[in-house]
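Asks: The task is simple: from the sequences and hints, build the whole structure.
Going line by line, the protein sequences match chains R and Y. My numbering puts the first residue of the first sequence at 1, with every later residue one more than the last. My numbering puts the first residue of the second sequence at 277, with every later residue one more than the last.
Hints are not guaranteed to be accurate.
Straight-line distance between alpha carbons at most 20 Å, and here's what the computed SDA-like set of lysine to any residue pairs gives [unchecked claim]:
id	chain 1	residue 1	chain 2	residue 2
1	Y	Lys311	R	Arg136
2	R	Lys167	Y	Pro315
3	R	Lys167	Y	Ile323
4	R	Lys110	Y	Leu365
5	R	Lys110	Y	Glu425
6	R	Lys167	Y	Met320
Just so you know, these hints were derived from the structure itself, not from any lab.
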Amino acid sequence: MLKHTAADAGLDQRSRDLRRTMVRILAAARRGHFASALSVVEILRVLYDDVLRYNAKDPEWTGRDRCILSKGHGCLALYVMLADKGFFPKAELWQFCRPESILGGHPEVKVPGVEASTGSLGHGLAIGIGMALAARIQRSDYRVFTIIGDGESNEGSIWEGAMCAAKHELSNLTVVVDYNKQQSYGPTSAVLNLEPLAAKWQSFGFAVAESDGHDVAALRRTFSHTPIVRGRPSCIICHTVKGRGIPLVESDPSWHHKSRVTDEEIHSLQEAVGSE
Amino acid sequence: MRQTCLDMVYELAKGDERIVFIGSDLGPGVLQNFKEEMPDRFFMEGICEANIVGMAAGLAMEGMIPYVNTIATFLSRRCYDQIAVDLCLHNVNVRLIGNGGGLVYAPLGPTHEAIEDIAILRALPNMTIVVPADAAEMRRFMPLTVGHEGPVYIRVAKGHDPIVTSDNLPFEIGRAVPIRNGADALLVTTGITLKIAQDAAEDLAREGIDCGILHVPTVKPLDCRAVLQHAAAVPVVVTVEEHSVTGGLGSAVAEVIAESGFDPGKQFKRIGIPDMFPDAYGTQADLLARFAITAEATCRWIRELRTVALPV
Numbered sequence: 001m002l003k004h005t006a007a008d009a010g011l012d013q014r015s016r017d018l019r020r021t022m023v024r025i026l027a028a029a030r031r032g033h034f035a036s037a038l039s040v041v042e043i044l045r046v047l048y049d050d051v052l053r054y055n056a057k058d059p060e061w062t063g064r065d066r067c068i069l070s071k072g073h074g075c076l077a078l079y080v081m082l083a084d085k086g087f088f089p090k091a092e093l094w095q096f097c098r099p100e101s102i103l104g105g106h107p108e109v110k111v112p113g114v115e116a117s118t119g120s121l122g123h124g125l126a127i128g129i130g131m132a133l134a135a136r137i138q139r140s141d142y143r144v145f146t147i148i149g150d151g152e153s154n155e156g157s158i159w160e161g162a163m164c165a166a167k168h169e170l171s172n173l174t175v176v177v178d179y180n181k182q183q184s185y186g187p188t189s190a191v192l193n194l195e196p197l198a199a200k201w202q203s204f205g206f207a208v209a210e211s212d213g214h215d216v217a218a219l220r221r222t223f224s225h226t227p228i229v230r231g232r233p234s235c236i237i238c239h240t241v242k243g244r245g246i247p248l249v250e251s252d253p254s255w256h257h258k259s260r261v262t263d264e265e266i267h268s269l270q271e272a273v274g275s276e
Numbered sequence: 277m278r279q280t281c282l283d284m285v286y287e288l289a290k291g292d293e294r295i296v297f298i299g300s301d302l303g304p305g306v307l308q309n310f311k312e313e314m315p316d317r318f319f320m321e322g323i324c325e326a327n328i329v330g331m332a333a334g335l336a337m338e339g340m341i342p343y344v345n346t347i348a349t350f351l352s353r354r355c356y357d358q359i360a361v362d363l364c365l366h367n368v369n370v371r372l373i374g375n376g377g378g379l380v381y382a383p384l385g386p387t388h389e390a391i392e393d394i395a396i397l398r399a400l401p402n403m404t405i406v407v408p409a410d411a412a413e414m415r416r417f418m419p420l421t422v423g424h425e426g427p428v429y430i431r432v433a434k435g436h437d438p439i440v441t442s443d444n445l446p447f448e449i450g451r452a453v454p455i456r457n458g459a460d461a462l463l464v465t466t467g468i469t470l471k472i473a474q475d476a477a478e479d480l481a482r483e484g485i486d487c488g489i490l491h492v493p494t495v496k497p498l499d500c501r502a503v504l505q506h507a508a509a510v511p512v513v514v515t516v517e518e519h520s521v522t523g524g525l526g527s528a529v530a531e532v533i534a535e536s537g538f539d540p541g542k543q544f545k546r547i548g549i550p551d552m553f554p555d556a557y558g559t560q561a562d563l564l565a566r567f568a569i570t571a572e573a574t575c576r577w578i579r580e581l582r583t584v585a586l587p588v
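Replies: Encoded structure:
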């Protein structure tokens, strides 16, 4: 298996900066679903940098594209993106999981820019379908993106939603799968195999594209071609690496979620991302 | 009552473009008029309650008002997490119409009998639970669902239930309805048990026992003030519901009076389905009789409790 480091050619300065901010959050809060967040960084970065329509100063602007992080445990990456875009002050990041913070271990709608409170898996697709149907009824041209995890794809509700979205030919809906191939207990192939994943989504009626989920240029190209086929919902399967960018995290499944990150671990993470 | 409820959804939708209807896999021809006249707001989505409830939440987040309809057990048990998170946590304007609350589906067995729907939904913050007594009350109630803030669970009875409420009684969500006053005992009801209480009160009146009735169509939020006010005046309080005695109307009333300094000399009884799954088939009436949710059993309890209660 290929090993990457934060300094490798695959991650540019912006991706490294985003990870550095995530490590700073971890240093403050000492907890989080860190590895799950690292795998979705480039997906969120490309969506918020290049794809989504929004106004950070008016998060509820009706013309905005809706982006739901259905795998809510990846919220560290989302919070960093939203702060980066000015939805809320960066200082809020260092309050992660503190009693007075708006930023919890799973994202809630009280956070400016968060479309749906998620954390219980398998909910975001159905909510996204409702939003996409509302756009059709109200003749609005916003688009809906729902980012789901691979472990999350164990949930039956994902496949209920897949049938439903295809039935309604929701061109304005894109499902983005963060396919890092690891879930909490171990490899998805062992816990509950999803393969053939692309064929599954195709057979459910989606137009499917696949991309390297850390290759920013490839993600831009893929997202720029949605809907992939008019009259069908799109599914973009992003092949990612859980913990991507920090070798220590990539190689150790216990980083799926940690509630007591030690000084030593923080030091190692800071070294890996080049923090002071 | 069920037909009235769906007819009202159609009527309300004609006047309000925010209203959509979502069914699962209902009988052929259900709301055909809605489907034909407002096809973009009519959805029949198949047997996937989790998806349907989440989809309704998404529609509501965009300003629509979805009315979701299927069998009550599937609309409560099956998709509880979606109700909790998508509807209640987000506090969105989705209306759940649960067919066959209680023992309506007696011949179909315990998978279809909604004996704990009120209990489990009552535990969810932001949820409103309304159990009309008859079609007339449903008709008065439904227009209020359009403007109500937050999710609403509408528990629907069998249909063709006797009309026992009066149009002189305006419906207000969250407000209990005093049906009759009585100095000797108070019966507290929700849904079709109002009729049982009325029959019991009339029988008892012939014996000289003066029994009041407080009808509670809104189980949540409970009209605590009305419950306490009416309970304070009598030595015996009995709740009657077509629901498990665990967590339903009886529990809600018990919670309120237990925390109110309820006179220990008073007697309190919950009439309802015991803590078990229904173990027989037959009709709704058969099962109500089996679980002693009848006017006769209610009279027996009142008579017995009066003998041990101390005067107010």
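Asks: Hint by hint, note whether the structure agrees.
Replies: Hint check results:
1. Lys311/Y <-> Arg136/R: Given pair Lys311/Y, Arg136/R holds - Cα atoms ~17 Å apart, limit 20 Å.
2. Lys167/R <-> Pro315/Y: At roughly 15 Å apart (the allowed maximum being 20 Å), Pro315/Y and Lys167/R satisfy the hint.
3. Lys167/R <-> Ile323/Y: Holds. Lys167/R to Ile323/Y sits at ~14 Å (cutoff 20 Å).
4. Lys110/R <-> Leu365/Y: Holds: Lys110/R and Leu365/Y sit about 11 Å apart, inside 20 Å.
5. Lys110/R <-> Glu425/Y: holds (18 Å)
6. Lys167/R <-> Met320/Y: Measuring from Cα to Cα gives roughly 11 Å; hence the hint holds.
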